[in-house]
Amino acid sequence: MSRTTVPQCLIFCLFIPVCASFAADNVIPAEHIAFFEQKIRPILSEHCYQCHSAEAKQNKKLKGGLYLDTRAGVLTGGDTGSAIESGKPDKSLLMTALRWQDPDIEMPPKKKLPENVIADFAKWIEMGAPDPRAGTAVPSKRVIDLKQGREHWSFKPLLKGAPPEVKNSAWVRTPIDRFILSRQENAGVSASAPVSKEKLIRRAYFDLTGMPPTPEEVDAFVNDSAADAYSKVIDKLLASARYGEHWGRHWLDVVRYAESGGYEFDGYRPGAYHYRDWVIRAMNADIPYDEFIRSQVAGDKIKPGDYDGACATGFLVAGPYPGQITAKTKERIRYDQLDDMLSTMGGSMLGLTLGCVRCHDHKFDPIPQRDYYALAASLANTEHGEVKIDKQNEESQKKMSEHEKLAGPLRDALKLFETQEFPTRFEKWKAQSLPGLSSAAQWQALDPVSAEARSAALAIAPDGSVLNTANKAMEDVYTIKVITNQKGVTAFRIDVFAGKEFPKNGPGLSDNGNFVLGDLKIIAKPVDTKIKTKPAALKLRAVKATFEQKDYLINAVLDNSPKSGWGISPEMGKDHSVVFAIDGATAGFEGGTEFEFQLTFDHFGVGRMRLSMYAEERNIELAVAAAAAAKEREKKQADAKDGPWQALAVVSAEARTAKLAVNKDGTVLNTGNKSMQDVYTLKASANQKAITAFRFDVLSGKDFPQNGPGLSDNGNFVLGDLKITAKPLDAKSKAAPIALKLKALKASFEQNGYTISNVLDGNPKSGWGVAPEMGKDHFVIFAIDGAPAGFEGGTELELQLTFDHFGVGHIRISIQEPAASAIAGKDSKPEAAEPASIVIPDLVDAVDSQHLREIREVLKRGAGKVADADGPQTFRWFTHFDETAARTFNAVRDHERRKPRPELISIYTTKGGGQDVYLLRRGEVDNKDAKSTPGFLQVLLNSESATEPVAAPDKSKTDPRIALGNWLTHVETGAGHLLARVMANRMWKYHFGKGIVTTPNDFGQQGERPTHPELLDYLATELIKGGWKLKTLHKQIMLSAVYLQGSDASETNRAKDPENKLWWQRPAQRINAEAIRDTLLSVGGKLDETMYGPAIDKLETPRRSVYLRVRRSELIPFMTLFDAPEPTQSIGDRGTTTLPTQALTLMNSPFARKMAEQLRMRVMTPGIKPAEALSKAHQIALARKPTDGEAAKLTAFFEKQKEWIAKQDPKAAAGAEGVALTQTCLILLCTNEFVYVD
Amino acid sequence: MFSNENQSGLILPPRRAFLKSMGLGFGSMALATMLNEKATAGPEPVNPLAPKAPHFKPKAKAVIWLFMTGAPSHLDTWDYKPELQTRHGQALPGSDPNTGFFKTSGKIMKSPFKWKQHGQSGSWVSSLFPHMSQQVDKMTFIHSMHLRENNHAPASIELMCGSNVPGRPAAGAWVTYGLGTENQNLPAYVVMHGDRPRGDNQIWSAGFLPKTFQALTLDSRRKEAIDDIHRAKEESDAQQRATLELLGDLNGAHAQAHPNQADLGARIRSFELAYRMQTAAPEALDISTETAATRTLYGLDNKACETFGRQCLIARRLVERGVRFIQIFAGKGVAGDGSVNDVPWDGHDNIEKNHISCAAATDQPAAALLADLESRGLLDSTMVVWGGEFGRTSDSQGSLGRDHNPHGFTILMAGGGMKRGFHYGSTDEFGYKAMENKVHINDLHATILHQLGLDHEKLTYRYSGRDFRLTDVGGHVIKDILA
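Line order of the protein sequences matches chains F and Z.
Numbered according to this note's numbering, the first sequence spans residues 1 to 1238.
Numbered according to this note's numbering, the second sequence spans residues 1239 to 1721.
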């Protein structure tokens, strides 16, 4: 009802009678109360109170915050809003629940109430839900108080206090230490002694690079007594490329990085690794953290077309995404996708749990649901996908504009020539040269007007061929446009050319020179815009190719599946051609035609190709076949037993149900789908002009039941009917098609009751059969009753065979002409003479360019003159006949061909798409509230009055994602202060093993409070002050006395602060899975430091672990065993487990044993003493020399092992030393010290 | 059964000194109990896998979940619907062609199998299960299962993790988290599979729980079931023990220098456990010691069901050895019917052909497992669950197949304190949707946890600011099916 248009008084009047009854609380009609008491209350009490009452609340059984034991409770409703809408049962949530209309709220949950009871509730609500129950024991819905919310420690501005004063200022090395020491002094705990230099360098290496120092690096540092020795090491490590790999991996945890979609098929995302590489590069380059964040949220928008920008937003789409989506699940999955982006952003950047706000206001933090949807709306236009990007975009743009600049003068020259010189030159040429020119070739090469591809860069060569100049891709579509003035186009030919510039000389661009033409569409459209015909794809049929690869036949080009198509393996390295004919009418519009060729390549395209057409009004397919038939004719004659029969090459064979195939010899084979009744329709062509009879041979074969020839279970068949139609092959012929009148002549055998005359009786039920003579070949002959058949220019024959009781498996058709002698006196042309009018274009036929014929057509159209509208195209055609014109024209074209073509890269990142975002009640897509507009979390807008999400702090009309990035990073007006806190805490956590806030992804109410809030804020402030440079903050932390501490644990400290909340020691840290594997590889001397690129999938590949494939359904067992996380959500803390299976892997796995073996080979230099070798191995593995005691034990162990080995197998004694040394090295790799760094 | 005390065979004097220094006396306790001890200064128990006390006295000690990968049709197995037989080919009232993954015909399809009542309970079973039908009096049939997802991977994730959101821990991981491991020489949670089911390790993930609680997977296609379980060929037992001795020595010294780091002690013990696992795990998986009668019972001499038979027999052996949660993903059937190996029961094209082959691969071993557990007195303490990730449509897909149907299907339970020969809940007259006593997957999980002595509302794990449960925000224990 519209409140604004209905007069006030009317509303008043209308409502009086209704409202009156409820105006005062207690005036409820007695019968209504009775209804409630009898029908409603008992049900509520019996079925609902258990979970929805004050008592339930007491028993901690209250569900959904809903109370149904008071009237107020019913009206207020629970977490998801009011339970009833008075007077409107169909809009009342209570009814939805009782009716079980929503699978998520089916009430009562165990069993639906009887229908009559449900109807009572509907009636009750219709009455206005009369309810005498008193009581207000309903806590009002929690209302989020933003002002109060901003008082939460992490939402407050950063504390600006100066570092506190301390007593023992001698210990202090940096301001950080004051915050720590002050608290320690108050609590009476004391810092641990500094760690030794030997241990310190190992700690620094692992902390910053995830790799151990070499013995030489340890020595150099230990012996460097300069005051800045340690500082120099930190600088060196921060500058090392290994730093970005290690810290990048930390960030990849936080952003749930993986390279596949998870769910049903876990689709792999080959272009996903660019994001991983970007993170590593960004870390190494130390790009400011605020910029790092903005790039990940909106890099693609900040710098459109930029490689780094596109890589960075890989952040948004790194989450899981189902591969199979049905119409039913599409919308829900879209909101899931947005939720994944938001939850990750919340956890990784702001330390906030946003996921729960999808369905209701945050239960603990001051985040209302509409804030969630405001953020979601900022991502509305963001989808997953592959994007092609030019890596050197800026440079390419520059080159392109330079290229464009050079094109200007060339185009001007062309224009000048065309307007000033062309008309006179053309007239002269037309008069002098044109009459003498002829174009006899069947095929005309087409001169494209444009050539574009989805991925490849295409260029047009002066001869009209199309070249791929860059960016070949597995899957690609070439779109080539040509125009012609000719009509009667019947066929097209595609030539693909080999060339030295292609892999294995081409013609394809796959590594072996092959290609797959998966699909071909040719769209014809009139050039004359006045013709209103809609552009339509021509119906094509495949005619012939120079060669067809097994399972890659030319027919597959036209099957509408781009995956199947034409290939040429193993015949690569040479030119190939294929011909497709138009199936049906010829093509060509009055006034000119544009053909658009769409060639879809599946397994790489071709390097150079040329298109030609055939514009003779003749069925090319039949013509080609006729030529083949003629060639074989003589051979075939010998086969015929009964007179000079000539086998017909069938060209097409179709049946109502059966699958028919035409064999190479022109016979027809049934390959499947046999049925009781069927009609075979076969087409063939003949050049003979006096056909007198047809012979059908039905052939037996092993593949048929009882060897056939029929397909019924006993090998029989019934040919019920036969119709033969003859029509002229030449489309220009005016002769009408003829249905031939037939008479049955003879058969090899006639079944009793199934004689050949039955075939022609017009009744398909009666016919010719061969029982009991199955299992052998049969034939039947029908003669033409009347004049012999055959047209000038060739005849197309259509033979329709109706079978009643199963068809035949294999059939050959032959025709007969009267022998020359038999028809002497009549027109006795010798058989061998081909009718001159039949011209057969073959694949090898010469190709001429289309230019001459086009000019002739233009002139024909303009009655000897070039019409104004035809000027430009005529000039194009003319350039082929005038050298100066050609030079001017080709100057432009050649320049175009040299246009800089950037190398495009496929990146899995954000793409445009998606649709409006609505606030979803209870997070359900079927329960939409208003459309959401982009905005932010109000609690993180530094404004007391801000109650509505605002567009952007900078108030500009920026893209919502750019605005989001600005809000996230803006310290004063946005979330920047929280962003800095969260990151400073992460850095502390990775350096010390746990954070100042021990829940690094949760800085909300439910998260832990910081042990040292002032310190955290100091670090955050320093991060911001230092230009958001992480490397600067690393150094500040690492230079502090608190970081330099060892792992001592005095009794006093342990008693007073068992959890080390005061940071009185820096405990040894278990290195992460990546560092364990990388260290094993580096200790084995095998680490390959190649950076970046597609993921590696083998554990043994000696690249750093950050480059290992992350496939959600198949994580690498070694990595997960050592706690690499499931990449489904942001991970702030991996946790460290200790498992016997880890021990098994280090003791027994071929990988660990191989690394031990390699370590042994590194240290066992010729002539070295075992003890010395072991000492070296110890230094490599653990970055320190063994103590005397350790050395003695290792040596003793080695000797014992050697002895055992020799004893077990005397033959192995010679190698016993090496094996024993390997075994000893393995122990080093298994030690706690190897995986725990002090 | 194993005796933990005598398995070690490792006497490591230096370590003893070390343990003393940590307040632990080696001589005074068995290894298994030693693992429960808290370190003196650490806030966390040393061993998260130590057996933990349940919330209340459990009925069941172990669960064996026979996962019928690909989703068998309830209408052709356990949920007899005469209406389908009489109204074959007619329009299915209320049919929604989008119920499943493809589109259905809307026409009722009868079950191609013969149905008979079996056992004292008179339970209807189709002719697919000549063996399982002999065991019906041991089973509780829940005919009113339903869940949300209508495709294999998400539904399997929902079925095992209680929610369709990937990244949540599976039931087995929750149980291990809640109860720890009874036999420290073996993992508590074991998954057996052949072709990896659709959804892969997302179905048995430990999710956000520590990796400690993750499943050990045994791939039936592999020769060596557990990675690196065998000592290197060239190494003798004595050599390995000497290795461990020196390792313990070096690690002991290292741990002494870090007196408040309990994890270092745990790591020392993990090597000893690993050493014992090398014997215990292959022994548990070695079925060559089983009698010929047992082998025949499980169908090991029958090619059609040999793989599943071996898996079921191993499951029993694992239960005997204290493993808590075992899940077997039934692999491919024998006859090709167009279904795919990673979802063998997925009879889209031809339910008859498909189900005959899948039943042939699973019927005898599943029945044998129930009989065998019963005869060994283990069925009361072992809960066996049989079922797929959803049911199938009452109307046909094409003419002979059935599409996915998450709105109603049957799951069987036996043992572990469930009622015997009992039917609970029902679908409508066409078996299209669960109607009476609907059981959501959260309810089923709540019930299983309850039988294991765990209150599903108390078994929580704080992650990402929320206390998560296996039962998400739902779940009721189905008291009516408990014996």
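Don't read these hints as lab results, they were simulated from the structure.
Bear in mind the structure is a predicted one, so any value in this text is a computation, not a measurement.
In this text, a Cβ means the ideal position worked out from N, Cα and C, and glycines have one as well.
Among the hints, erroneous ones may be present.
[Said to hold, decoys possible] So, partial list: chain Z residues that the calculated Cβ filter (under 8 angstroms) puts toward chain F:
| hint | residue |
| --- | --- |
| 1 | Ser1365 |
| 2 | Pro1368 |
| 3 | Pro1404 |
| 4 | Thr1450 |
| 5 | Lys1461 |
| 6 | Leu1484 |
| 7 | Leu1488 |
| 8 | Gln1494 |
| 9 | Gln1499 |
| 10 | Thr1698 |
| 11 | Tyr1699 |
Hints, one by one, checked against the model:
1. Ser1365: With a closest approach of 30 angstroms, the Z/Ser1365 hint is violated.
2. Pro1368: violated (33 angstroms)
3. Pro1404: Holds, because the Cβ-Cβ distance from Z/Pro1404 to chain F comes to roughly 5 angstroms (cut-off 8 angstroms).
4. Thr1450: Since the shortest Cβ distance to chain F is 4 angstroms, the answer is holds.
5. Lys1461: violated (14 angstroms)
6. Leu1484: With a closest approach of 5 angstroms, the Z/Leu1484 hint holds.
7. Leu1488: holds (5 angstroms)
8. Gln1494: violated (11 angstroms)
9. Gln1499: holds (6 angstroms)
10. Thr1698: It is violated, given that the least Cβ distance between Z/Thr1698 and chain F is near 13 angstroms, above 8 angstroms.
11. Tyr1699: violated (12 angstroms)
Consistency note: the structure conflicts with the earlier hints numbered 1, 2, 5, 8, 10, 11.
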